[in-house]
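Asks: Chains as they are written, first to last, in our numbering: chain W, 231 to 459; chain C, 231 to 459; chain S, 231 to 459; chain X, 231 to 459; chain G, 231 to 459; chain H, 231 to 459.
Since the hints were derived computationally from the structure, they do not count as laboratory data.
It cannot be assumed that every hint is accurate.
In this list, chains with the same sequence are indistinguishable; a pair is considered to hold if it fits within one copy or across any two.
[Stated by the list, open to error] Derived pair list, reagent style BS3-like, types lysine-lysine, alpha-carbon separation capped at 27 Å: (1) 375 to 456; (2) 354 to 452; (3) 430 to 445; (4) 273 to 445; (5) 354 to 456; (6) 273 to 452; (7) 273 to 354; (8) 242 to 354; (9) 375 to 354; (10) 415 to 375; (11) 242 to 452; (12) 415 to 430; (13) 445 to 242; (14) 242 to 375.
None of these values were measured; they are calculated from a predicted model.
6 protein chains.
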Amino acid sequence: MSGYEMGVVHRKVERADPAAVQRLSAFGVATVHEAMGRVGLMKPYMRPIYPGAHLCGTAVTVLLHPGDNWMMHVVAEQLQPGDVVVAAVTADCTDGFFGDLLATSFRARGACGLVIDAGVRDVKDLTAMGFPVFSKTISAKGTVKATLGSVNVPVICAGAIVNPGDVVIADDDGVVVVPAAQAAKAADASAEREANEAEKRARLAAGELGLDMYKMREALAKAGLKYVD
Amino acid sequence: MSGYEMGVVHRKVERADPAAVQRLSAFGVATVHEAMGRVGLMKPYMRPIYPGAHLCGTAVTVLLHPGDNWMMHVVAEQLQPGDVVVAAVTADCTDGFFGDLLATSFRARGACGLVIDAGVRDVKDLTAMGFPVFSKTISAKGTVKATLGSVNVPVICAGAIVNPGDVVIADDDGVVVVPAAQAAKAADASAEREANEAEKRARLAAGELGLDMYKMREALAKAGLKYVD
Amino acid sequence: MSGYEMGVVHRKVERADPAAVQRLSAFGVATVHEAMGRVGLMKPYMRPIYPGAHLCGTAVTVLLHPGDNWMMHVVAEQLQPGDVVVAAVTADCTDGFFGDLLATSFRARGACGLVIDAGVRDVKDLTAMGFPVFSKTISAKGTVKATLGSVNVPVICAGAIVNPGDVVIADDDGVVVVPAAQAAKAADASAEREANEAEKRARLAAGELGLDMYKMREALAKAGLKYVD
Amino acid sequence: MSGYEMGVVHRKVERADPAAVQRLSAFGVATVHEAMGRVGLMKPYMRPIYPGAHLCGTAVTVLLHPGDNWMMHVVAEQLQPGDVVVAAVTADCTDGFFGDLLATSFRARGACGLVIDAGVRDVKDLTAMGFPVFSKTISAKGTVKATLGSVNVPVICAGAIVNPGDVVIADDDGVVVVPAAQAAKAADASAEREANEAEKRARLAAGELGLDMYKMREALAKAGLKYVD
Amino acid sequence: MSGYEMGVVHRKVERADPAAVQRLSAFGVATVHEAMGRVGLMKPYMRPIYPGAHLCGTAVTVLLHPGDNWMMHVVAEQLQPGDVVVAAVTADCTDGFFGDLLATSFRARGACGLVIDAGVRDVKDLTAMGFPVFSKTISAKGTVKATLGSVNVPVICAGAIVNPGDVVIADDDGVVVVPAAQAAKAADASAEREANEAEKRARLAAGELGLDMYKMREALAKAGLKYVD
Amino acid sequence: MSGYEMGVVHRKVERADPAAVQRLSAFGVATVHEAMGRVGLMKPYMRPIYPGAHLCGTAVTVLLHPGDNWMMHVVAEQLQPGDVVVAAVTADCTDGFFGDLLATSFRARGACGLVIDAGVRDVKDLTAMGFPVFSKTISAKGTVKATLGSVNVPVICAGAIVNPGDVVIADDDGVVVVPAAQAAKAADASAEREANEAEKRARLAAGELGLDMYKMREALAKAGLKYVD
């Protein structure tokens, strides 16, 4: 049966090119999302657990069942430096699947953060550690360790497909996923976009209107815009 | 760039085997979902617009932008008898992207229903037509026809991946997606499960307890369950 | 102070022209909303308490406080045959402000329904009475009678401005408000639109594509739409 | 530790007096809730899975974990004719914990319905069976059988405390809980209230205003209500 | 047709008296809202994008369509120093309609902030700029520029009517709108209220009870309050 | 009638042992919740009004009606040093029931914070005062003083039962309630758990896997977990 596999850990992950990941880490989520052609954004309910949290790394995915975080310990073993754990749940759940002990373990294995479509806890400790987490909920409620999910299968997290090895970038604006094979291209496009923006910003700051800078007046008039005094 | 392609219509769709689709149409969503190993279910906010609506067909997908249903007319041309239109939107939107005129057109082209992660309108007419629709919202608000989306690209609809040609089954319990290549296997598994259930139902109706029928007592005792009088 | 006045009952209401209201009652909410230029629609969380409920009448407005339905008795006295009570609350509240006794009273005064941005109860009785109600919530929780609101002031109900005397139309697609002064014009535009739709429906039912009927192909091509085989 | 006990089944339940339950079954939820002094109402997100579903019986409670319905089989054994199963979950979860097989079993044991602060499935079958269920969600997603909850402990279900043996009444207006010891008193108060309402209804139907019937005019004037022509 | 006009830019705005705006800027939202008689408050889902954001200025309104921010460039040209842009959307949408480039342009034109019933992005940059924004959502998802809305028409933003020229005040407690004609009166009432509060605060800080300070004991007793030891 | 009593103030509260409260104040919510066996947690929508807010004290409860904070003044008189006010409302309401004046009064009476299943206002002032508040909403909208609730009755606040005198602990992870009689035991269990965690943290930080530390490998293999290269 295709779709989600249950009870399987894929050890091999084709991670995105480290150089491209490094270059992508310089850009914000909004820039990368635009550069990608507006694809791969998670739903806006995914928020950082502390202001300013940000991360950029390669996805190691984990599929959990509601109320059960057993696989979080399994995924820890599969982590390599620079990885981001992306956790999906088979149904909506607000439990706190993750706290400071798992963060300590993930960090010791080299992980640079967590993106989870569920709840987390120990926010104070995670903040003190500077361990970036993007989640749907914050909840002190713990979970059991009773049923198998999977590790490194494709998952849908907060409305976005994440394949193991994809680049995941998250900041105050949300979370975006760049397919591994597109990482270099996305970095190029982001750099181009940002260069582009610097000049625009200067012109706008000087008082030039977007109407003129983007030459919108004609199109607006053609669309029928009327000015009334 | 991978992910969603914008402005593209794929004319060729590898539809699931019609015989398998026909067999799957005999089963409810809960049965198929269980038979599949609990994969491919859309979020439970997807509801029929009238009680008893149900559908089973092959997915023709359409990716829309918020407030814009232009591609709904494009997708109509790609429909074949037995298809179900699966519509995703690039961001949350409650607009009514679909009403009785489009339903008339879709039906004329052979479509057997619509699954849309957004709003629809003309509910009274659609109900009178017996045209099954599963949606997130009902809204009289119409849309514009200004920006390109795509047709027959993979989409994420209400949390589930839908590839063109997949089987989509929907009833009062929700909406489930069966990958085209797995349709026959899912039909087999569903049939087996249902046969299985008939016997169980009879035993339970006769007063036998699930505790005994499923032989749970030992496992419960081992897990520590205590009875107090 | 402008905005909401508290503790005031306006006895005089300039109701929309009865002939125009009568004509509007023949059209659905989606038709009128389109005919109006897509203005005046309430948020889609407003739903009928029973399938098929519909109403069309002139608004008598009432502004309530959370948990307090005292003014519902005050508004009853201001009702005339053909009126619809439109109830707004000064803050979000799910209480059941209205039940079968008030419905009996409203009906005795000639009212043809209720639109309320809050909760109602006695759904079974209201359904048996055929008294159409569109609400945000259903809740058995009653209210107190302790604080003054107002009657026949402009209110914002579920995101739409309603002035006393406006035409309110509601059906399975939602609730729309037509300013009293525009009632005749809206009826004309609705009739025109509906006539228009009959012909379109026939052509679409015959298998003609919207792409051709609306002559969209050129615009789509110009926007860059690509077909891939 | 008090609060919820885990892994315990209480076999003894002090059920409310059957005669009082019988009498209460004649009243609607809104009436009983008012008669009780407006206590014991569940949150309004609890809805019947089919219009017109209603139930009145004695609570047998079950406490579940997210995604795990093992205890549903345990609770079945504790049911007696006239019981209603009230299911709470230790954290928000939309899974379908209950379907037609469990309904068959519950009914065979004499249960008259289910109230569950989570999801259910097999809505079509449950509707055909006429087995009343009030739930937060409808979802085809099944659950595992891996962790112990409890049976017949006090639970909080949709914001209301339910003790085993309490009377639970549910209809289109929601779900209300009457403590077992208060059942007779609540029935008396409901009867009195309903008698009272019949006369009021007649007077209101005849056109008398609530303003006069409830003698509100003086209090309104004292509160400062002003009429403007 | 009244209601929203589409495709129109009103250049003339009767802005509230600058002196009154200046005086109002000294007060918090809760104070002004109370002073106004509790009118004009937006829904509480409107939140600052960074803690401590606050603004007070005259409204320049813009009406947008879902997923389309074309009019944001049009509104920029209409800004004068001290203005606040108030953006409404014709249907619920979470897209990011606004980011640091538009903020740069708005600020260059003299605007002191934005209130938008939708999403924004570039939160980090906006925070660094100290450009106050109050929004429903944060989302990196951009918008198209394809359809006309309007500028300086009355809009409903998060449940409140905003007319061009009205005073808009926003802080950690939410967003309130003061009609232009009432600005001076609202400032007077706010000042009076605040003076009043200083004395009350001192008395309460000294341990005096509100029960005594507000002389509530008699009214509570009359209402039937009972003390039990 | 049992359940909520209305119009009653219980002056006598059996507060938890001060020494136990003092000891509990050293632990976080997640630790105490685990130590308690995962009981007594409020819903995760309860959030601190400023980051880092935390409190630990004995509950003095107040039951309010929607839109009415009269009883907040009554509860103030019942406060003793070390108390936390826990406020429930008889139906969902977002109004701001509490602001800086009440905070001043509560603090003057010795209260160390507020937990309220509704809205509060004056967030800036409360933050400056360092008065910890955990609420469902922030709203500038004030309330009336017209109807009686109760003080020191058992209440359900955000899904948790709170009895007067219970210990309430709140921090960035949420709000948990410890029954008064269990305070010492919960403090013991929390201390034990925390001691336990220090060692685990060190081992995980050193790179040891939870899989090994918790000896999970055998159970996972037995459950069927497969590794794929």
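Asks: For each hint, tell me whether it holds in the structure or not.
Replies: Status of the hints after comparison with the structure:
1. For a Cα distance limit of 27 Å, the shortest separation of residue 375 from residue 456 across copies, 17 Å, qualifies, whereas the shortest one inside one copy, 64 Å, does not.
2. Taking identical chains as interchangeable, the C-alpha atoms of residue 354 and residue 452 are never at most 27 Å apart, the minima being 55 Å within one chain and 36 Å between chains.
3. For the identical chains of this complex, residue 430 and residue 445 are intra-copy neighbours only, at 13 Å inside a copy versus 38 Å across copies, given an alpha-carbon limit of 27 Å.
4. For the identical chains of this complex, residue 273 and residue 445 are neighbours neither inside a copy (32 Å) nor across copies (35 Å), given an alpha-carbon limit of 27 Å.
5. In this assembly of identical chains, the alpha carbons of residue 354 and residue 456 never lie at most 27 Å apart, being 54 Å within a copy and 36 Å across copies at closest.
6. Proximity of residue 273 to residue 452 under the C-alpha cut-off of 27 Å is found in neither arrangement, the shortest distances being 35 Å within a copy and 31 Å between copies.
7. In this homomeric assembly, residue 273 and residue 354 come within 27 Å of each other (Cα to Cα) both inside a single copy, at 25 Å, and across copies, at 19 Å.
8. In this assembly of identical chains, residue 242 and residue 354 lie within 27 Å of each other by CA distance neither inside one copy nor across copies; the values are 34 Å within and 36 Å between.
9. Taking the closest pair of Cα atoms, residue 375 and residue 354 come within 27 Å of each other only inside a single copy of the chain (24 Å); across copies the shortest separation is 34 Å, beyond that limit.
10. Taking the shortest Cα distances, residue 415 and residue 375 sit within 27 Å of each other only across copies (25 Å), while inside one copy they are farther apart (40 Å).
11. Within a single copy, residue 242 and residue 452 get their C-alpha atoms only as close as 55 Å, which misses the 27 Å cut-off; across copies the closest is 23 Å, which meets it.
12. In this assembly of identical chains, residue 415 and residue 430 lie within 27 Å of each other by CA distance solely inside one copy; the values are 23 Å within and 43 Å between copies.
13. Taking CA atoms no more than 27 Å apart as the test, residue 445 paired with residue 242 passes between copies only; the shortest distance there is 24 Å, against 50 Å inside one copy.
14. For the homomeric pair residue 242 and residue 375, the shortest alpha-carbon distance inside one copy (24 Å) is at most 27 Å, but the shortest distance between copies (31 Å) is not.
Hints 2, 4, 5, 6 and 8, counting from the list given before, are not met by this structure.
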